[in-house]
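As given, the protein sequences belong to chains S and C, one line each in that order. The first sequence begins at -18 in this note's numbering and counts up by one. The second sequence begins at 10 in this note's numbering and counts up by one.
You may find that some hints are simply not true.
[To be verified] With a cut-off of at most 27 angstroms between alpha-carbon atoms, the simulated DSS-like pairs for lysine-lysine come out as follows: (1) Lys45(S) to Lys(-5)(S); (2) Lys45(S) to Lys68(C); (3) Lys80(C) to Lys26(C); (4) Lys108(C) to Lys22(S); (5) Lys22(S) to Lys(-5)(S); (6) Lys47(S) to Lys(-5)(S); (7) Lys120(C) to Lys80(C); (8) Lys108(C) to Lys72(C); (9) Lys120(C) to Lys12(C); (10) Lys64(C) to Lys47(S); (11) Lys45(S) to Lys12(C); (12) Lys120(C) to Lys22(S); (13) Lys80(C) to Lys68(C); (14) Lys36(S) to Lys80(C); (15) Lys47(S) to Lys1(S); (16) Lys22(S) to Lys1(S); (17) Lys12(C) to Lys108(C); (18) Lys12(C) to Lys72(C); (19) Lys108(C) to Lys26(C); (20) Lys120(C) to Lys64(C); (21) Lys36(S) to Lys1(S); (22) Lys22(S) to Lys80(C); (23) Lys68(C) to Lys26(C); (24) Lys120(C) to Lys108(C); (25) Lys64(C) to Lys1(S); (26) Lys12(C) to Lys22(S); (27) Lys80(C) to Lys66(C); (28) Lys26(C) to Lys64(C); (29) Lys22(S) to Lys72(C); (30) Lys1(S) to Lys45(S).
If you are wondering where the hints come from, they were derived from the structure by calculation, not from laboratory data.
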Amino acid sequence: GAVVSQHPSWVICKSGTSVKIECRSLDFQATTMFWYRQFPKQSLMLMATSNEGSKATYEQGVEKDKFLINHASLTLSTLTVTSAHPEDSSFYICSARDMIAVETQYFGPGTRLLVL
Amino acid sequence: SQKIEQNSEALNIQEGKTATLTCNYTNYSPAYLQWYRQDPGRGPVFLLLIRENEKEKRKERLKVTFDTTLKQSLFHITASQPADSATYLCALDMEYGNKLVFGAGTILRVKS
């Protein structure tokens, strides 16, 4: 149980294009999902918290107009990197919080983004 | 400033021994502390959660201690196996599941 999937697992795009990453909770409902970014040999950094049916809450220093988050259902949240640039290349990981075991976050396998 | 520190160097141990990983933090007051395993190119996998009023938590070969006075958690893997080789992350839970702050992780290598 408690499986979270992400799609795509990796993506290469040209500078200036937009990329959408999907995060799904497969066997549980998640009112809250989280988006993290991880650079090589660094820790996961929380970008934003996404609540179903409401606007996402962004961490300080994260541009909400660049990283668009939509949480339209209890099992799906999407992150769109708009006008991507090489410095946006990173490992993006989502997590979902179980409605019952609220302290625990279950993480997806991550999406590797490379912007050329 | 706020910091979370884990062993920056990789920990190399022999199969069958106990691995002990350290997580120290400053200027945080977490409600919980969590440990995750992360394999290369993969997302973290939840291992254990320990609350501020708990001293120790066990799960199979894993043991976690939490000392809020020292601001330190120790993570032990007993009877280690090569399959335990991975990066282990500690995460401070600042808002009862709403906000996790991660350390950079410690690489564990178990040699047969």
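Against the structure, the hints:
As the CA atoms of Lys45(S) and Lys(-5)(S) are separated by approximately 21 angstroms, the hinted pair is consistent with the 27 angstroms bound. Of the supplied pair hints, the one linking Lys45(S) and Lys68(C) is violated, its CA atoms being roughly 40 angstroms apart against a limit of 27 angstroms. Restraint check: the Cα-Cα separation between Lys80(C) and Lys26(C) comes to about 26 angstroms, which is no more than 27 angstroms; the hinted pair holds. Distance hint between Lys108(C) and Lys22(S) is fulfilled; the C-alpha atoms sit about 21 angstroms from each other, no more than 27 angstroms.
Among the hinted pairs, Lys22(S) with Lys(-5)(S) is consistent with the structure: their alpha-carbon atoms are about 25 angstroms apart, no more than 27 angstroms. Simply put, Lys47(S) and Lys(-5)(S) have alpha-carbon atoms about 16 angstroms apart, close enough for the 27 angstroms limit, and the pair holds. Pair hint Lys120(C) plus Lys80(C) does not hold up; C-alpha atoms about 31 angstroms apart against a cutoff of 27 angstroms. Under the criterion of a C-alpha separation no larger than 27 angstroms, the hint pairing Lys108(C) with Lys72(C) is consistent with the structure, at around 23 angstroms.
Between Lys120(C) and Lys12(C) the CA atoms are separated by roughly 31 angstroms; this puts the pair beyond 27 angstroms, and the hint is violated. At roughly 43 angstroms between alpha-carbon atoms, Lys64(C) and Lys47(S) are farther apart than 27 angstroms, so this suggested pair is violated. Annotation: proposed proximity of Lys45(S) to Lys12(C) holds, straight-line Cα distance about 26 angstroms (limit 27 angstroms). Note on Lys120(C) and Lys22(S): the hinted pairing holds, with a Cα-Cα distance of about 22 angstroms set against a maximum of 27 angstroms.
Of the supplied pair hints, the one linking Lys80(C) and Lys68(C) holds, its CA atoms being roughly 22 angstroms apart against a limit of 27 angstroms. Between Lys36(S) and Lys80(C) the alpha-carbon distance is near 35 angstroms, which puts this suggested pair outside the 27 angstroms criterion. Restraint check: the Cα-Cα separation between Lys47(S) and Lys1(S) comes to about 12 angstroms, which is no more than 27 angstroms; the hinted pair holds. Using a Cα cut-off of 27 angstroms, the hinted pair Lys22(S) and Lys1(S) holds, with the two alpha carbons roughly 24 angstroms apart.
This hinted pair checks out: Lys12(C) and Lys108(C) have alpha carbons roughly 15 angstroms apart, not beyond 27 angstroms. Of the pairs offered as hints, the one joining Lys12(C) and Lys72(C) holds, with about 23 angstroms between alpha carbons and a cut-off of 27 angstroms not exceeded. For the hint linking Lys108(C) to Lys26(C), the alpha-carbon distance of about 34 angstroms lies beyond 27 angstroms, and the restraint is violated. The hinted pair formed by Lys120(C) and Lys64(C) fails the criterion: a straight-line CA distance of about 30 angstroms is larger than 27 angstroms.
At roughly 17 angstroms between alpha-carbon atoms, Lys36(S) and Lys1(S) fall within 27 angstroms of each other, so this suggested pair holds. A threshold of 27 angstroms between alpha carbons decides the hint, and for Lys22(S) with Lys80(C) the separation of about 24 angstroms falls inside it, so the pair holds. Our distance criterion of 27 angstroms between C-alpha atoms is met by Lys68(C) and Lys26(C), whose separation comes to about 17 angstroms. About 35 angstroms separates the Cα atoms of Lys120(C) and Lys108(C), which puts this hinted pair outside 27 angstroms; it is violated.
The straight-line distance between the Cα atoms of Lys64(C) and Lys1(S) is roughly 43 angstroms, outside the 27 angstroms bound, and the hint therefore fails. With a C-alpha separation of about 16 angstroms, the suggested pairing of Lys12(C) with Lys22(S) holds against the 27 angstroms cut-off. Between Lys80(C) and Lys66(C), the direct Cα distance comes to roughly 16 angstroms. Compliance with the 27 angstroms bound is thereby established for this hinted pair. Between Lys26(C) and Lys64(C) the alpha-carbon distance is near 23 angstroms, which keeps this suggested pair within the 27 angstroms criterion.
For the hint linking Lys22(S) to Lys72(C), the alpha-carbon distance of about 25 angstroms falls within 27 angstroms, and the restraint holds. The straight-line distance between the Cα atoms of Lys1(S) and Lys45(S) is roughly 14 angstroms, inside the 27 angstroms bound, and the hint therefore holds.
Hints 2, 7, 9, 10, 14, 19, 20, 24 and 25, counting from the list given before, are not met by this structure.
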